[in-house]
Amino acid sequence: MTEWMFSIVDSLGARAVDAVRHLGKMGVFLGASLARAVIPPYRVRNVVRQIHFIGVKSLFVIVLTAAFTGMVLALQGFYTLRKFGSEGLLGPAVALSLIRELGPVLSALMVTGRAGSALTAEIGIMRIGEQIDSLETMGIDPIRFLVAPRMLGFLLSVPLLTAIFDVVGIYGGYLVGVKLLGVNAGAYFGQMEASVDLVDITNGVWKSLAFALLIAWVCTYKGYFTSRGAEGVSYATTSAVVVSSVLVLVCDYFLTSVLL
Amino acid sequence: MREGEGMQKGENPTGEAAGTHVPDGKGGSCEPCSLEPYAGERPEPILRMVGVEKTLDGRKVLDGVTLEIPRSQITAIIGLSGAGKSLLLKHMIGLMKPDRGQVLLEDIDINRLSRRELYEVRKRFGMLFQTGALFDSLTVFENVAFPLRENTGLDEREIGEKVHRILRNVGLEEAGAKYPDELSGGMVRRAALARAVVMDPEIILFDEPTTGLDPIIRNSILNLICRTYHEHHFTMVMISHDLPDIFQSCHHVVVVHNGKVVEVGTPGDIRNSINPIVRQLVEGDIFGPLQLM
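Quick note, the sequences are listed as chains A and B, same order.
So in our numbering, spot 111 of the first sequence is number 111, and the numbers just go up one at a time.
So in our numbering, spot 276 of the second sequence is number 1276, and the numbers just go up one at a time.
If you're looking for bench data, these hints aren't it; they were derived computationally from the structure.
Do not take every clue at face value.
[Unchecked claim] 25 angstroms max Cα-Cα, derived BS3-like pairs, lysine-lysine:
id, chain 1, residue 1, chain 2, residue 2
1, B, K1123, B, K1090
2, A, K25, B, K1097
3, A, K83, A, K179
4, B, K1090, B, K1260
5, B, K1090, A, K25
6, B, K1260, B, K1097
7, B, K1260, B, K1123
8, B, K1060, B, K1097
9, A, K25, B, K1060
[What the hints assert, rightly or not] Listing some non-contacts, in silico: residues in chain A with all C-beta distances to chain B over 10 angstroms:
id, residue
10, R15
11, R21
12, G27
13, V44
14, R114
15, I125
16, Q131
17, T137
18, L181
19, V205
20, Y235
21, V250
22, T256
23, V258
We put the CB at the ideal spot given by N, CA and C, even for glycine.
My request is simple: use the sequences and hints to build the entire structure.
Okay, here's the thing in structure tokens:
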């Protein structure tokens, strides 16, 4: 009986130590990546390439998602507001929902699915194909070469994608609210201008920056420490998307509670 | 006598007919390449491992390894799969750190270097990985040019000239615009060899350069390595399973088993060894002290 209890405590202890070690390793990886991102020499061409991959190539999915999100927000908002006779507040309802909450969160989730997963797979394949070791043997720092430009790419692209998401979402809401359901166009934008403050926009920007850092951190880390061949890459990619998405939602709650 | 000393041109250290014959179009000339020791060699080793120990997942994978890599000679490391050969290479170039012991490049303990210093030291090495480890998103030309672009101040014209010359030497001048997934196994190894030598390193490490290739391509790769040696007199360390063929392509052999060095000598010494482990390995016997897993 005592032996059995000891083995349980032993196992729990080992798991706890392993978790702490893992977190420490992630922390060191983040510190090393950010340090290399800000300390010269800069790899401007690599960063531009990453902005193209993460930002430009995500535009279509972001625009599509934003348009339908704005449209459904307007649809739902209209029927709710009509119960209180406040259809004129549809503009602020759509805009504030998008700018403060849905824009940063949905943009981050879309970018995770499209670019984060691809990035994990790419770095993971480089790891199992010994390409990262190959960089090391050439005297090239793989974190500076591979990870830092991707971190910067995420940090620069995600806030811009979020801004695009917000604008497209607002016009999606306009399309349904004004053109389809007959809300006054002047009221839609006028009320919006009166209700949306600069702090709402800056909060959204802070959120999108935090989410960008989270996604870049998790996805590059999972790829960089991939092992066990093709199965390992598959596991790392799935794990990167799941962990990033969950962390974005958890982080969103805490950021909202702090920024409100 | 040091291995290879006193040999005549055309002989290898085993005293046997040396060289690997290469057909045209496979990355080498029709002339077989033969080994002879580089006359300008210095007596001291360029790289030494002293009492290197490493444990991975509770298993001791390197157990007090002490060996010397002679300057400007080709050293082959042989042993069963899982004996610790690739780990030895990774320790030599500082990709892994030993739990105990030293890896000395001349008199520099590479495990005591800072990250920046280690990257500088690695520029003295070239390495050919078993899979080639070419960058998938770059063409053959770009792969070979990559270390030059990253580590030198050469302009594009100089880089282009150098890369074209090296690609011509390895028989890939027509394949410069191809991507790695468009190449055959032998072409990948030749492109990787071109990338390994493009920086004119002092030491080149080969991790099973001929594994998985057919005999003709394998001979062409060995011939290419031999010709590269004659041209540059790099120090070369090569892991290989190609016994006994590898004996004709090296000056010096290290036999590794269970993370330990069990025998060191010339190919002739290894062929004539009375150590039962070495004998079983060389003769390829199923029965003997080596347990197959």
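Comparing the hints with the structure gives:
no.	hint	result
1	K1123(B) <-> K1090(B)	holds, 15 angstroms
2	K25(A) <-> K1097(B)	holds, 17 angstroms
3	K83(A) <-> K179(A)	holds, 20 angstroms
4	K1090(B) <-> K1260(B)	holds, 15 angstroms
5	K1090(B) <-> K25(A)	holds, 22 angstroms
6	K1260(B) <-> K1097(B)	holds, 17 angstroms
7	K1260(B) <-> K1123(B)	violated, 28 angstroms
8	K1060(B) <-> K1097(B)	holds, 14 angstroms
9	K25(A) <-> K1060(B)	holds, 24 angstroms
10	R15	holds, 17 angstroms
11	R21	holds, 15 angstroms
12	G27	holds, 18 angstroms
13	V44	holds, 14 angstroms
14	R114	holds, 18 angstroms
15	I125	violated, 8 angstroms
16	Q131	violated, 5 angstroms
17	T137	violated, 4 angstroms
18	L181	holds, 49 angstroms
19	V205	holds, 32 angstroms
20	Y235	holds, 19 angstroms
21	V250	holds, 33 angstroms
22	T256	holds, 39 angstroms
23	V258	holds, 36 angstroms
The structure fails to meet hints 7, 15, 16, 17 from the earlier list, while all remaining hints are met.
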